[in-house]
Every structure is written in C-alpha cells, then in structure tokens.
Amino acid sequence: MSRVELLTPEGLRVDGRRPAELRKITSTTSVLSQADGSAYIEHGNTKVLAAVYGPCEVRHRALAVHDRAIINVELNVAPFSTSERRRRTKTDKRLLEMSSFVKQTFEAVVMMNLYPRSQIDVYLQVIQHDGAMLQACINATTLALIDAGIAMSDYVCACTAGWIEREPAIDLNYIEESSDTSEVTIALLPKSGKVTLVQMESRLHVDKLEELLSLARDGCQQLYGELDRTIRDRAEDLAKKIVV
Amino acid sequence: MLRQKAFVKKTKSGKVVRVVKEHYLRDDIWCSLEACKGCEHTEPVLSSTPNISKLFPLPHYIIPDTNIFINQIDMMEKPQMTNVIVLQTVLEEVKHLSPSIYKRVRDMITDREKRFYVFSNEHHRETFIEKLKDESPNDRNDRAIRVATKWYGNHIKDLKPSVSVVMMSDDSANRDKAAADSLQAASAKQYIESLDDTELLDMLTSATDLDEGNRIIYAEHLTPLHLSNGIKNGKFYQGKIGISSHNYLEGSIFTKVNGQETTVLIVGRENLNRAVDGDIVAVEILPKSEWRTTPTGVVVDEEEEEAEEESLRKEKKESTEGSSEDTVMTDADKSSSEPTPEELASSQPYAKVVGIIRRNWRQYCGFIDRKSVHTPAGSTAPVNVMFYAMETKIPKIKFRTRQAHSLLGQRVIVAIDSWPKTSRYPFGHFVRSLGEAGDKSTETEVLLLEHDVPFHEFSKQVLSFLPTEGENWIVQPEHFVGREDFRSLNVCSIDPPGCTDIDDALHVTPLPNGNYQVGVHIADVTHFVKPGNAMDLEAASRGTTVYLVDKRIDMLPGLLGTNLCSLRSNVERLAFSCIWELNDSAEIVSVRFAKSVIASKASLTYEEAQNRIDDDRMQDDLTKGIRTLNMLAKKLKQRRLDLGALTLASPEVRFSLEHDTQDPVDVEMKELKETNALVEEFMLLANISVARKIFEKFPDSAMLRCHPTPPAANFEKLEKAVARMNIQIDHSTSKTLSDSLDNAVLPEEPYFNKLLRIMTTRCMMQALYFCSGAKTEQEFRHYGLATDIYTHFTSPIRRYSDVMVHRQLYAAIDSSVSYGSELTDKEDMNELCAVLNHRNRMAQHAARSSVELFTHLFFKNKTEEEEGYVIRILKNAFIVLVPKYGIEGIVYASAKVPKGSKAENGSNGPAAGQAVLVYNPDTDSLQSTEVVPEGEPPKVQIQLFQKVMVQITIDDDLKGGGEGGMRQKLKMELLKPWIEGISVQGECNKDDPAAVAHVTALATPAPQAKAGSDKKRGGQETQKRGGKRSKA
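In order, the protein sequence lines correspond to chains P and F.
Heads up, the first sequence is in full-length UniProt numbering, so the first residue is 1 and it goes up one at a time.
Heads up, the second sequence is in full-length UniProt numbering, so the first residue is 1 and it goes up one at a time.
Hints are not guaranteed to be accurate.
[Claimed, not checked] Derived pair list, reagent style SDA-like, types lysine to any residue, alpha-carbon separation capped at 25 Å:
id : chain 1 : residue 1 : chain 2 : residue 2
1  : F       : K530      : P       : P9
2  : P       : K47       : F       : F465
3  : P       : K208      : F       : F465
4  : P       : K24       : F       : F465
5  : F       : K15       : P       : P9
6  : F       : K15       : P       : I127
Worth flagging that the hints you see were computed from the coordinates, not collected in a lab.
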C-alpha cells in the first residue's frame, strides 16, 4: 500500500470531493484592458489567464484565407505554476500540441466566415497548474472570445474525467492525474450537445469509455451554468453603466 | 467550503518543494446512527442499542484514538467490540504507521457485524480544525479526535433513548484534556475492566509492568535517521533476517556487500539484538577476527532452559541466568576449532544488528510452558507465563494471563507487543486458543496458521458471485457464442485416483496428412471468475489450493472447483483449448488456442489409463487415442531430455488413511506410471506454447514462470562428497548436470542414484512467478525443464497464476475482449507475483508439515529400525534420510549419557554434552576424537551418503514438559555404526560386541536414572526399552 489512496471506501477523493463533483470555479472577464477580450478562470488551484486580440489583419500575408478567419493560439506555462520550478521553452512539444487542441476546438465554433482574411489571436497563460490544464484553457478561451465580442455558435465547455480506483470521476487534480489514471478531456457545445474535442492519451477499455464520457458531459453542463452566469453578470454590469 | 493545505515536502531527487493541496469541507457527512433521523445516511452502520459498560451511565459508541488501534488491534478485532466510530484522522495515522494494521482495520470496517463506521471528520465542516501555531502534528490530531468526539456528543444528545460517545485513549494527557472539555474518556484497560470479560482482559497489550529489573541486556537500537545515513554511506547493510530453523540464535540476511550478493550471518543473542524472523534489519559487519567458519550447529539449549526456569521462580536471581547462558554459548564456541587464515578468506561475513527498520511481528501459534505457571491449579489470578512458538525460529514470548491453567495443554495464539532492551524475551499478549494440543484438527489448524494459509470459509459475498443456478448450471446455447464445439471429440482426462477437481483433459485425432491433431483442454475458470469481484479477490489472496494429507483448502468455492469447472466425464463443460498439429516425430506444425465446449468421454485414473494401454484387447477409439498420445509423449520427453531437462526426485510418501478416523495406517512411496509422464508432457507443451503467446501480446506484463540457474556454491559440498566415489557432477548447464546424474550409478548401491537426485533437488533454486517486464529475456529460462520460456496454464482451479494466464491468453487471441489494467499494469503484476510466490511456498511447507504430522501419528507407539542415509552434516549433528518413509531426522553427535544421571557414570563413556564426533571441515565429515596415527583414517567417521541404521521413535522428551508441549518430534537414534555415547541398542545390533559391552556396563547405574527430572522421562524410557530388548 505504498500508493496514495485516491478514493477512500467512504467515497471521498483526496481533496474531499465526491467522484462526480467539480472543483470550485471562479471566473471573471475583461481582466486586461489592453486586449480585445480577456478572461481569468480558476478550477480549484488551476489558474489560467486568457487574452484575445482581433479579429485583425493577418500578419503574414501568405497565411490569409480569403473567406474566413484564422485562429492562432499560444500557450505558455509559468515556471512557478507547479511546486517544482521548471522553465518550459516555447517549442515544448506538449504545449504546442495542447495549443493546437484549443485551436481546433474553436475553429468549429467561432463563425469564421464572418471575418474573412483576418486573424484571431488567443494567448493563454497558465499561472498555477493543479491538473486538468486543457480543460481550464478551453474554458478560459470561451470566456475571453465572448468578452471580445467574437461571434460563436455556442459556448464551449471542457471537462476532464478519468477512472480512479475503479470509479469514474471528473475534474481530476494533479495528484489524481499523475498516478497513472486514464484521463479523457472532452469539449462540449452545451446547447446542441455536440462534442468538438475528445482527447485521451492512455489506454482505456472501450466498455469503460461510455460511462466516462457521460459523466464528463454532465460536468460540462455544470460548467456551462457557471460560465454563463459570469458572462451574464458581466453583461448586466455593462448594461448598468450604459444607463448611467 | 474550501481550505488550502500547504506543506513542504522533499522530492525523490532531494529538492525541497512546497506542495499546496485543496481541502474541501462538506456538509453531507452523516453520523450513521440508526436512531438519528436528521442525517440523510441511507444505510446506517451504528446500532441504536450500543455498548453498555459500568463505567458510563449511558449506552455509548466508542471513539478510539490511533494508539488503541496500533497497540490493541487484537482486542478490537474481537466480536465483543462493536459500535466503534473510526475517525478519518485516526485511520490516516494508522495507515501511516502500519500498513498491515491498517488493512486489518479496513477489514473490520467492511464487516457489517462489527459495526465500525468511518467518520470523515477531516472533511466535515464542523469537525475540521486547523493546526495551531506551535502545535505539534500529534497534538493537533489528538485535538481533532476530541473535537469530533464533542461534535458527536452534541449531535446525538437529543436522541431518544439517550446514548453517548466515549473516547478511548491510553494517553492520560489526552484524557485529561477530554475531561476538561467534559467529554467521556477511558483508557483501554479501564474500559475493558469495566466489562468483566477475562478473554478481552488477557488480550490487552502488556504494558511495561512486566518488566523485572532494569539490567540492560541488549544494545540500544539506532534511530531511523542514523540507520538510513549508515546504509547510504555503506557502513550498515539492510536486509530481511531469516532465522535458522535449527537454531533460534542464528540468523542471516542476504545483501550486497562490496557489490557482491552474499549471505551475512548473525550469530548469538547479543548480535541478533532482538531481531525476530522476517524483520527488516540494518546490520554492521563485524571485524574479520570475529568471523567463524564452521557450519550451522544445533543449539541444544537445555541448560539455558533450566536457567530460565530458575530465574522465573526466583526473579531476583536474574544475574545468574545471564552467566549460565554465557557458558552455553562459549561451549558452542569452544567446539568450533580456531579458524585458519585461509579459511577466513573464504568464509562468510558475520555481522551484528544495529537497528530494526521494520518489524515483521505477527501472531504466533504455540503453547504455554507448564513450568512457568506457578500459581495453584484453578487460580485465576494474573500470572506471567512463557510461551513457546511452534516455529523454532521464534524466541520465547512472555505474557500475562488470568487463564493460565485452562490454557495449559492447549494450542494458543500470542502476539508480540514489545521487546525492551531490559528484557531477555519479548512481551506479548494472548490472542485466542485453538484447542487441545495433539488433537488432529487442532494441529492441522496450527500448521495452517503457521504457514499463513487462509482457510476460513468463503464469505457470503464471495459465494454471491457463483452462478445462480448452482448445481443445475448447464451449458446453454448462448455459451457457444465465440466458442468452438468440441463435444464430438474423444476427450478424456487422466488424474490421480480420487481427484475431484479435474482441470485438464486431452484428445488426439489423426489427420488425413498423417499428422495428429492433439488438444489439451483446460477448465475455463475465468468464465466464472470475473476480474475484480469478491470471488476473484479472494482467490487472488489465497493464491493456490493447499493439499494436506487429510484435506484440501480450496482456492475457489467447491461448486466451481469440483463441479462446474471440473471436466467430469459425460457432461458438457466449458474449456479453454490448446490445439496443435503434431507430426509423427512430435514436432509442432501449428498451434492455436480457442475457448470451447467439450464433453469428456471418460475420466480415468493413471492406473486405468495404463491398463488400457497395456491391454491389447481394448481397441476402441479412446484407447487407441491414449496409445497415440503415449507414443507422442515419449518422443516429446526424449526431446526434452536431450535438451537437458532434469529428472529430479523427492522422497514423497502417500498415507493410507483409515476411513472413519482418518488415522494413518500405512505409508508407501509415491509411484510414477507411464501415464503420469503422458499427462505431464502435454501440460508442459501447453504451458510453453501459451507462454510464448502471452509474451507476444503482453511483452511487459505477461505472467511467466522461471527457474533460475543454481549458483555453483550450492553444489560445493555435494561435489566434494561424490568425488570420494569417483563421480563427477558437472552443473555448468542443465544438460551436463542431467548427464552426470544419469552416469552416477553405484552398482552395489541401487538407491544411490535416487539419493543423489534428491540431494541435487535441494541444490536447486525455487521456481518463481514473475512479470515479463521485470526481467530480461535471458532470465526467463526455466533451468529444470530446459526451456527458454514457461508459464502455468493448466491448473486454473487450483492456482491463481493460471487464472491470470487464462485472462491474458484470452485477450491475446480475441481482440474484442474487454480487459482492464489488471492484465497490463507491471506494478500490479509484480505485486501479484510476489504474493503468489509466497503463497506457493507456504502451501508447499504446509503440505510438508501435514505429512510430518501424519508421520508422527503413524509412528506413535512404534519403534522402527530402518536403513537410512546421511544427507547433511552439521557442526554437532547429522541428518539422516530414511527412504522407506521419506522422513528425515537429526542425530546429535554429542554424547548423551543416560538422562538425569550425574557425571559419575561418565566413566562409561564421554561426559554428557561433550562432543563425541568433531566436525572436520576438510572432508566435511564428523570424526571421532581419539588420536590416530598420521595417514590412517579416523576410527569412526560419518560422511555424506553413508548408510546407517537408525531407530525411529516418537520423541516425548518435550520442551515445556510432557503433554501439550512442543509438537511431538521424530527421534532418530543411531544403531549402526556403533559409536560409544551416541548409539543405542536395538534389534539389529544386538550381536555387535561393542554394544553388548555397553549394555552390561549400563545395567548397574540404570536405577539411579530414575532420579531424573520429569521432562526427560520419555527419553529415558526409550533408552530402557532398547536395553531390555537387547538383553532378551
């Protein structure tokens, strides 16, 4: 019994949550004045800042597409984000891969044909990392894009899920993630129920996948409520300012 | 509500980092009281009518602290202790302190009858507390326990009928603080005393009040910090100590010294420094001048025993005990000759224990020393008594009991609590009694416990996973999905007589192209045992079925093992088949595996099958098939032998049991027939084919079995001994070894070859299960079978390894099969292999002990004279194997003068205790002491392989005095050759002039011998009996 007990027989996870519970979510938008849209989200101790610039002219002419916009995502993880300091280079393959996940997710949702020959830049900064990084990045991007007023067909809510000690659980934290669990991240369009991203790196038997996905989907719906509230609060705020 | 937990931690690479964790506090953690209606628990654990004690006015629930679990776990496990609230704080501390106790606590929690409830106080909004400034973690946890107790008190105070909670703690400071908070608290002792339950009282862990005198006997153990530093810089060595079963004052560890794996010996009480068999210890190598070179001696510690009794009677005299014991030790030292320098260079290092890294204390079976009980019969006053464990490796244990007299003559279980440096022996407490000593069922239970064999009935939970149809389960049409239909094939099984768990069956069909289709069909256990369910977990923890002489401890419930899985004749059964196409010279043309349905045509015994082969009149298809199989098997065997497979031997015997009483009436050697080899060959073939297949599919996690090449050192003594007979043993490869064994035949001694094979077997390493990711491919080799890869596939009913292999094979042949990490996780697989290896070894030992037990029953009241062979030489004794009964016994080489008589009659021979024969390291033999002229062989010599006559009796000369003492021992006494002082007189040597002379001389002092002490009476009688007969 050298390993950490991730789920006690009493049904509590290491941090006291039950398997189908999310961590505490805090989110705000328009945190940066320079950017066209920005957002900050906390999933427990995972903290991500997103800034959106654009739509604007494509920087490299060659990349421009005549009938729609292109999305450019840059992801950066702060050296102080984990308990052990580690500097990651810009060419870190894992980060590049993760940013391309974010990019692909949003290419399906942003109404790209409204912005021909333009570019939308998304800058993501992970300030603190405590598991489920991709999930936090996608959720932060959703908020920032909405904040920037870019047309999207729906929210995008992402949630991770994985099997810990023979039980499916959602929103895994760092300890749960790092102890060899099969983890899947999905991004869901909550209104249509469509899934735009499923990402999984480890082996999982196909029989177990369905259960995991349905749990993650429930998690996304919960998240949708949270994100929507943030946006509506922000909109009300702005509306008040206009009246005055 | 959210709290952050932040702490500083050292990583593996030595960096110090700050770890921040979230800690959520909840409102939905319920009290789990049946009577509480406010909480939303669905299945309350705690009864509404809890415990009653004289100490407290109200019925109450118990909230123990960590130390109660750590120290009083045996008491907590008693069925009397119910309605206990286990706090999360306590549980985590227990887990941290002792994983094994944590597991026991967890088992209690799962047991519904015990009503143990885990209250997650650390995640409860009202019971969570932050650590205060300047508060130690221990104080914080104690406070957390009090806060939780208080919360429970408030929570249930309005319940009707009234109940309360009681905190149980042996820490008086904690109790005082609880009293200040107006909480109810009691120590374990106070609480148990108020219950008036003698059994529970005895189980209370002894406090230090057993301590007598403050004389420090042992050196202090070093602190863990000291030890880990010492191990790191190479000053100390770490290892698991194994105590010699011949001598409890001699142990050894296996470790790397200067980059070389060696066995380090630890000899003597001071050097062992309170280490008990199985402990992980740190040792320091002694200076070379203190190393010794003689082989293992047998400590005959009678003097010490007496000294011990003396000291118990008059405890003041303790100092004398020490000195008398020293003499024993120095005696032993004296008998070993001074080592010469070149001997030193080759000898093993000696060491002393400087600290204990992890204790391996468990519960021990044994009995109470009659002499240590000094109160009048029937008294129930508490007394300190001495306990002997049945395992000779374990030191005596001192414990306190109120029921000493009723426990005398019984087998009891005792656990060790502590071993302070001021006490010669460890302190323990009584756990439970097993029953009358000498009773067959009690003794069987003892040997099962001793070998850690789980033998309890299968729980309801386990049985709930059996098919609901029970006995009436039959193969249904849906079972044919994904299975081949082999019902029409001529399948038959061949097993030992009386076998009910048939897990293999065979068939052969000639193919049109002249080849043969051969199938091995194995019971499809995994169809019934699904991974991860209670039945699977139970089977995994049992690991193997244990076969004792008179019973069987099943790994799987009987319904599966002997019925639904068993491939009985004329019923349809599910099977996992391995089908080859073999050509005429038994070479594999192709192989495939399939799940199938078979209907065995006949279940034969080895003998029946042999008769069918031999009887020319039988010409039916089945018989012809068996003949073909036999022909192929012979070819397979020949090829295997050509590759260098070993044919080894063991002196196994079979008992004929009387039907009703199950008492043994006869012993016979196990016989091997051609058909045994037939079945074995095909099983080997199946195992090898399966091993290749699963290794291909799971290169990192296949469950395989290897047999390491034995190191050269194992053969040293054997080589030396046979060199005398001009026989060479070449053990460089299994092939050469096998050849040299075949050539080692002495025409005048037909048994010699068998004996040599038996002894070669003992030079071998243990075959082991392992996970393919944990070894390199070269290490996969199975030395004994001379194959490069091997596994166990053919007995899933009785071995769990085979169950795993079945699952892996199924996953390998059918890609749509669902399987989880249990088949792919290297770590899990490694752990499982370790468990299975342990269980396997224990099962073997248990089976051997069971045979021993029945051998003793057989020899009860018998005196047999038999031929035997010397198979091992010790410093002051030698071991004799008697082939007829397959038994071994020690013959001591020290003179035994008629027991109890004083030194005066030493004139007849050497004085008592004096070595008559001395070990000669050059020839590895024992020699008589008289001076002989240079170049001539000594007068009497005992060497390996020497043929001797021995007299076998049951030794009633028991430690602890007579009935109910140590298990009866076989006693072997030398008849031929005649050695003054060692040999006894028997039927076969009555004409020996030396023996006759001895008897006449003995006739006079014989009456004197009656003055001897009680415990020696047994030995004395055999002596007299021998004497009388030779006169008559």
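Hint-by-hint comparison with the structure:
Between K530(F) and P9(P) the alpha-carbon distance is near 21 Å, which keeps this suggested pair within the 25 Å criterion. Of the pairs offered as hints, the one joining K47(P) and F465(F) is violated, with about 46 Å between alpha carbons and a cut-off of 25 Å exceeded. Under the criterion of a C-alpha separation no larger than 25 Å, the hint pairing K208(P) with F465(F) is consistent with the structure, at around 21 Å. With a CA separation close to 40 Å, the supplied pair K24(P) and F465(F) exceeds the 25 Å bound.
For the given pair, K15(F) sits about 33 Å from P9(P) by alpha-carbon distance, which is inconsistent with the 25 Å threshold. With a C-alpha separation of about 22 Å, the suggested pair K15(F) and I127(P) falls inside the 25 Å cut-off, and the hint holds.
Hint compliance for this structure: hints 2, 4 and 5 are broken, all remaining hints hold.
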